[in-house]
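Asks: Sequence:
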Amino acid sequence: MEGLNNKKANFLNKFFGLYSLAVIMLWLKTYITQVTQFKLGVEGPLQQFLLLINPIGSAMLFLGFAFLFRGRGRYAILVIVYTFMSILLYANAVYYRFFSDFITLPTIFQTQNFGDLGGSVVSLLRPYDILFFVDVLFLIYLCLSKKIQKDSSRMGYKKGLALIAFVVGLSFVNLELANADRPQLLTRGFDRNYIVKYLGMYNYTIYDATETVKASSQRVLADNDDMTEVINYAKSNYAEPNQDYFGAAKGKNVIYIHLESFQNFLINYKLNGEEVTPFINSLAGDSSSLYFDNFFHQTAQGKTSDAEFMLENSIFGLPQGSAFITKGENTYQAAPAILSGNGYTSAVFHGNSGTFWNRNKIYKSFGYEHFFDAKYYDTSNEIDMAEYGLLDKPFFEQSIPLLETLPQPFYTKLITVGHHYPYKINQDLTTIGKADTGDASVDDYFQTARYADEAIEQFFADLKESGLYENSVFVLYGDHYGISENHNNAMSKLMGKEINSFESTNLQRVPLIIHVPGMEGGVNHTFGGQIDLLPTLLHLLGIDTHNYVQFGTDLLSQEHNELVTFRNGDFVSPTIYSIDDKFYDATTGLQLDDSQLDMANEYKKEVDNKLQLSDRVVNGDLLRFYTPADFTKVDPSQYNYNKDLDLIEQNITE
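Numbering (this note's numbering), first residue to last: 1 to 654.
Be aware that a few hints might be false.
[What the hints assert, rightly or not] Just the calculated beta-carbon pair ranges, DEER-fashion:
id	residue 1	residue 2	range
1	Asp-581	Ser-492	23 to 31 Å
2	Lys-633	Asn-268	38 to 46 Å
3	Leu-429	Pro-401	17 to 25 Å
4	Asp-226	Asp-581	26 to 34 Å
5	Asn-642	Ile-164	32 to 40 Å
6	Pro-407	Glu-498	51 to 59 Å
7	Gly-518	Lys-214	45 to 53 Å
8	Leu-597	Ser-492	25 to 33 Å
[Claimed, not checked] For lysine to any residue, the following SDA-like pairs were computed, each having C-alpha atoms within a straight-line distance of at most 20 Å:
id	residue 1	residue 2
9	Lys-464	Pro-278
10	Lys-361	Asn-642
11	Lys-150	Leu-12
12	Lys-605	Asp-621
13	Lys-250	Asn-471
14	Lys-158	Phe-67
15	Lys-393	Gly-341
16	Lys-464	Gly-518
17	Lys-39	Tyr-90
18	Lys-150	Ser-236
19	Lys-158	Phe-65
20	Lys-610	Phe-67
21	Lys-39	Glu-503
22	Lys-610	Ser-595
23	Lys-39	Asn-489
24	Lys-610	Gly-518
25	Lys-604	Ser-236
26	Lys-605	Pro-574
27	Lys-424	Glu-503
28	Lys-14	Ile-164
29	Lys-159	Phe-67
30	Lys-250	Ser-472
31	Lys-214	Leu-186
32	Lys-147	Ser-20
33	Lys-633	Leu-186
34	Lys-610	Lys-158
35	Lys-150	Ile-77
The set of hints was computed from the structure by calculation and includes no laboratory data. The C-beta atom is built at its ideal place from N, Cα and C for all residues, glycine as well.
Using the sequences plus the hints, can you model the full thing?
Replies: This is the structure:
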């Protein structure tokens with residue numbers, strides 16, 4: 001036994017031995033994390049093998065930087081790099097628990113949002129998370145222990161070359177096997193799941209950083225010629241308005257109601273025999289409402305901000321991070337600016353800090369004249385506060401007097417926060433029980449949804465009393481999913497069927513209700529997404545969109561394109577679904593055989609082209625090179641969102 005202990009000590013007395021131990025620990029921890037914490041859709045022995053080996057090369061490479069130092073410095077560097085990689089791995093595990101996605105470089109720099117996250121992050125922590133750092137403490141102990149002699153010798157030239165050759169060779173084999181199983185892996189990287197599955201967590205980080213730098217450089221290299229292909233696409237993508245609806249809401253106020261985390265399955269859903277959202281249900285069935293029951297969110301990492309970005313611009317959000325954060329100073333031709341040229345006043349109402357999602361900057365680039373954020377509301381009563389701002393009932397109540405100050409017609413958006421993960425609410429404010437799946441996020445989801453429903457019902461009543469209701473268009477839209485794929489087991493219990501990848505895609509539907517008092521409505525089964533909202537609304541207001549660069553089409557047009565593009569390159573349509581590069585029959589959910597793939601592949605090409613063109617517009621800031629006829633370019637410097645602060649006292653006293 002003593003001899004065995006001596007061998008262990010001798011092995012660790014050499015820095016290469018300690019380095020090898022660190023590589024093995026990090027490799028095993030990363031592999032176990034990738035298997036247990038991420039749902040990567042690993043299939044077949046090749047993908048299993050790649051998942052096993054892909055952490056080895058990156059662990060050897062990054063930890064190998066310690067060899068560049070001598071003495072105690074190399075031990076310190078080994079610990080620092082190992083700790084950093086462990087933190088990165090753990091951060092992605094926590095992030096994935098809610099977003100079913102991985103951290104990107106742009107999301108790391110979204111620091112203005114961090115202060116408001118609070119309990120949302122706490123709710124994602126697990127008791128076993130300490131296991132992510134047990135090995136870190138063990139490595140620190142070994143490096144500080146006097147039982148381990150410190151090795152100050154340099155690595156030999158030949159050993160160094162051999163190590164580099166092994167790492168490069170292993171990475172090359174990994175990449176070639178990945179490309180064989182999934183061609184064009186790095187050139188069609190809309191879906192981060194694939195990059196992690198095939199190349200590993202740390203190589204994904206390198207890939208993400210490279211893509212971020214590449215995107216940032218596009219603006220510098222862009223010029224007027226880059227707009228030609230985009231303009232040609234926009235003209236070919238344009239859908240003629242439906243004359244039965246064109247101008248049906250001309251001159252009316254516009255009131256967007258942002259339904260935070262609402263999924264469409266809530267419409268007419270009964271929990272224990274009781275409607276969860278009775279008022280929104282009644283609005284969806286109202287004869288003056290257009291209710292789109294095949295409307296999908298198309299958000300990515302920007303979540304709420306992505307939804308806003310699309311409805312204001314009919315341009316996709318970015319594949320990484322949030323355009324609200326990284327592209328706040330771009331040139332846009334957004335709804336507020338378009339409508340300003342048609343006599344509209346514009347405003348946003350939100351009971352949270354104006355800096356969240358960089359709203360107080362990008363709204364100016366959109367052309368919003370007013371932004372009533374938390375400083376315009378009374379937030380002194382703790383019971384009225386949600387985790388992300390003012391609860392919906394006091395928010396709507398206090399918004400009425402602010403809304404009444406605006407010259408008509410106005411274009412407005414009211415952003416709710418009460419129905420937001422982790423769906424916690426004071427039980428004194430609830431009027432419906434919880435679900436009983438054993439999953440807290442799912443069980444609590446219905447209480448906050450009911451609360452939001454009641455708040456909207458009261459808001460409509462107040463608008464009728466104020467006289468604003470009859471002359472307004474109401475657009476209620478869900479921004480993104482509220483229950484992620486990580487809760488599919490609980491959702492299976494609620495829905496009474498297995499929630500597989502096909503059914504999970506169906507659950508990405510969110511509500512879209514366009515209510516125009518006096519207009520003939522009904523249920524509309526057209527497939528569409530958030531990218532289609534702007535052209536639909538403008539045509540209802542009698543404003544043709546043919547001069548604008550928009551990637552969506554009017555949902556009411558007979559020429560509307562029902563191919564709904566998701567940010568990761570997947571799509572849905574009335575006939576074919578694309579999920580993780582597999583094609584399914586939209587009706588049966590069965591995977592298509594080889595004889596049915598021609599149309600699916602054509603759809604896929606169209607989807608990829610649309611996303612690439614949209615990204616070029618945003619990353620290159622291409623709209624600065626093109627100003628449509630009758631459109632006045634926005635000057636953000638002319639807007640001051642503090643100018644209306646004298647309304648605070650009036651708002652509170654009333």
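Asks: Take the hints in turn and mark each one as holding or not.
Replies: Consistency of the hints with the structure:
1. The given range of 23 to 31 Å is respected by Asp-581 and Ser-492, whose C-beta atoms sit roughly 24 Å from each other.
2. Our hint of 38 to 46 Å for Lys-633 and Asn-268 holds, since their Cβ atoms are close to 45 Å apart.
3. Separation of Leu-429 from Pro-401 is about 23 Å and conforms to the stated range, judged on CB atoms against 17 to 25 Å.
4. The supplied range of 26 to 34 Å is met by Asp-226 and Asp-581, whose beta-carbon atoms lie about 29 Å from each other.
5. Range check, Asn-642 to Ile-164: about 57 Å between beta-carbon atoms, so the 32 to 40 Å window is missed.
6. As the Cβ distance of Pro-407 to Glu-498 is approximately 53 Å, the hint placing it in 51 to 59 Å holds.
7. Our hint of 45 to 53 Å for Gly-518 and Lys-214 holds, since their Cβ atoms are close to 51 Å apart.
8. At about 30 Å, the CB distance of Leu-597 to Ser-492 agrees with the hint of 25 to 33 Å.
9. At most 20 Å may separate the alpha-carbon atoms for a hinted pair to count; Lys-464 and Pro-278 meet this at roughly 19 Å.
10. Straight-line distance between C-alpha atoms of Lys-361 and Asn-642 comes to about 13 Å, which keeps the hinted pair within the 20 Å bound.
11. Annotation: proposed proximity of Lys-150 to Leu-12 holds, straight-line Cα distance about 9 Å (limit 20 Å).
12. The hinted pair formed by Lys-605 and Asp-621 fails the criterion: a straight-line CA distance of about 24 Å is larger than 20 Å.
13. Of the pairs offered as hints, the one joining Lys-250 and Asn-471 holds, with about 10 Å between alpha carbons and a cut-off of 20 Å not exceeded.
14. Taken as a hint, the Lys-158 and Phe-67 pair is honoured in the structure, with Cα atoms around 13 Å apart against an allowance of 20 Å.
15. Distance hint between Lys-393 and Gly-341 is unfulfilled; the C-alpha atoms sit about 33 Å from each other, more than 20 Å.
16. Between Lys-464 and Gly-518, the direct Cα distance comes to roughly 14 Å. Compliance with the 20 Å bound is thereby established for this hinted pair.
17. Taking the CA atoms of Lys-39 and Tyr-90, the gap is near 15 Å; set against the 20 Å cutoff, the hint holds.
18. Only pairs whose Cα atoms come within 20 Å are accepted, and Lys-150 paired with Ser-236 is rejected, the gap being roughly 69 Å.
19. Using a Cα cut-off of 20 Å, the hinted pair Lys-158 and Phe-65 holds, with the two alpha carbons roughly 16 Å apart.
20. Taking the CA atoms of Lys-610 and Phe-67, the gap is near 46 Å; set against the 20 Å cutoff, the hint is violated.
21. At roughly 16 Å between alpha-carbon atoms, Lys-39 and Glu-503 fall within 20 Å of each other, so this suggested pair holds.
22. For the hint pairing Lys-610 with Ser-595, the CA-to-CA distance comes to about 26 Å; that exceeds 20 Å, so the pair is violated.
23. Distance check on the hinted pair: Lys-39 and Asn-489 sit about 13 Å apart at the alpha-carbon level, within 20 Å; holds.
24. Restraint check: the Cα-Cα separation between Lys-610 and Gly-518 comes to about 36 Å, which exceeds 20 Å; the hinted pair is violated.
25. Taking the CA atoms of Lys-604 and Ser-236, the gap is about 18 Å. The hint holds against a cut of 20 Å.
26. Between Lys-605 and Pro-574 the CA atoms are separated by roughly 17 Å; this keeps the pair inside 20 Å, and the hint holds.
27. Simply put, Lys-424 and Glu-503 have alpha-carbon atoms about 27 Å apart, too far for the 20 Å limit, and the pair is violated.
28. With a C-alpha separation of about 19 Å, the suggested pairing of Lys-14 with Ile-164 holds against the 20 Å cut-off.
29. Pair hint Lys-159 plus Phe-67 holds up; C-alpha atoms about 11 Å apart against a cutoff of 20 Å.
30. Our distance criterion of 20 Å between C-alpha atoms is met by Lys-250 and Ser-472, whose separation comes to about 10 Å.
31. Only pairs whose Cα atoms come within 20 Å are accepted, and Lys-214 paired with Leu-186 is accepted, the gap being roughly 13 Å.
32. Proposed proximity of Lys-147 and Ser-20 is supported: the alpha carbons are some 18 Å apart, at most 20 Å.
33. Proximity of Lys-633 to Leu-186 is assessed by CA-CA distance (about 37 Å); at most 20 Å being required, the pair is judged violated.
34. Annotation: proposed proximity of Lys-610 to Lys-158 is violated, straight-line Cα distance about 50 Å (limit 20 Å).
35. Taking the CA atoms of Lys-150 and Ile-77, the gap is about 14 Å. The hint holds against a cut of 20 Å.
Violated hints for the displayed structure, listed by number in ascending order: 5, 12, 15, 18, 20, 22, 24, 27, 33, 34.
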